[in-house]
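Chemist: Now for the letters of each chain:
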Amino acid sequence: IQLTQSPSLLSASVGDRVTLSCKGSQNINNYLAWYQQKLGEAPKLLIYNTNSLQTGIPSRFSGSGSGTDYTLTISSLQPEDVATYFCYQYNNGLTFGSGTKLEIK
Amino acid sequence: EVQLVESGGGLVQPGRSLKLSCAASGFTFSNYYMAWVRQAPTKGLEWVASITNSGGSTYYRDSVKGRFTISRDNAKSTLYLQMDSLRSEDTATYYCTRDPGAGYWYFDFWGPGTMVTVSS
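These protein sequences, in sequence, are chains A and B.
Numbering-wise, the numbering used here puts 406 at position 15 of the first sequence, and it's gapless, one number per residue.
Numbering-wise, the numbering used here puts 3 at position 1 of the second sequence, and it's gapless, one number per residue.
Calculated from the structure, these hints are not laboratory results.
Built from N, CA and C at the ideal position, the CB exists for glycine as well.
A couple of the hints might just be wrong.
Covered stretches of chain B (in silico footprint by chain A; criterion: 3 or more residues with CB under 8 angstroms from a CB of chain A, positions within the stretch not fixed) [as the list claims (entries may be wrong)]:
(1) 42 to 48
(2) 110 to 121
Taking lysine to aspartate or glutamate and the EDC-like style, the derived pairs with C-alpha atoms no more than 16 angstroms apart in a straight line are [stated by the list, open to error]:
(3) B/21 to B/110
(4) A/435 to B/110
(5) B/45 to A/432
(6) A/435 to B/48
Looking at chain A on its own, in the form it has when it is part of the complex:
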């Protein structure tokens, strides 16, 4: 399964509601996770199984979707959210999307 993330670059203001998209080439059956990677660091798990929030992750992060289309939402963007976000599917093979780089405007 190929994953397409959009946009590849997103610039938003602090406090904005931000939506990142991930689209699969086939049905993912909700076996989708989201990772945050800050510059120079290892990825961190944010969301698994489409909408389950990993322990310790702020509640401003949420996930949704079904079938081939999935979304990561940050309800109120904070400066520390600057990072690249990757979606990852584990329904058929194990593949990552190419990432969305999130910047502060």
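Once you've looked at the hints, dock chain B against the given chain A.
Modeler: Coordinates of chain B only, in the frame set by chain A:
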């Protein structure tokens, strides 16, 4: 606290071998599947290999099958990746990762990574 610490990376010539290690602590290592994920410079993430908690089954991406071997020593809480016949396209940071259980197939904890550069 879960900790994963990789070691063994470095500069190696094409065709040569390298063995990565990952020391795990803060959890019962023998209860968890483990995996290696890599990231080429300025590129995205790529799953490399996984191993069951007992070590009885292993899984690889096609591009490394027959060249890489994932293994584990549960008595030492250590994960390994033996990399043979290395190619320039294997250049990447290699992350040791933990599956949150026995076969969930996503990764809840990651080590800081170890860099492997394949170049003459």
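Chemist: So, for every hint listed, does it hold in this structure?
Modeler: Outcome of the hint check:
| no. | hint | result |
| --- | --- | --- |
| 1 | 42 to 48 | holds (count 3) |
| 2 | 110 to 121 | holds (count 6) |
| 3 | B/21 to B/110 | violated (24 angstroms) |
| 4 | A/435 to B/110 | holds (7 angstroms) |
| 5 | B/45 to A/432 | holds (14 angstroms) |
| 6 | A/435 to B/48 | holds (15 angstroms) |
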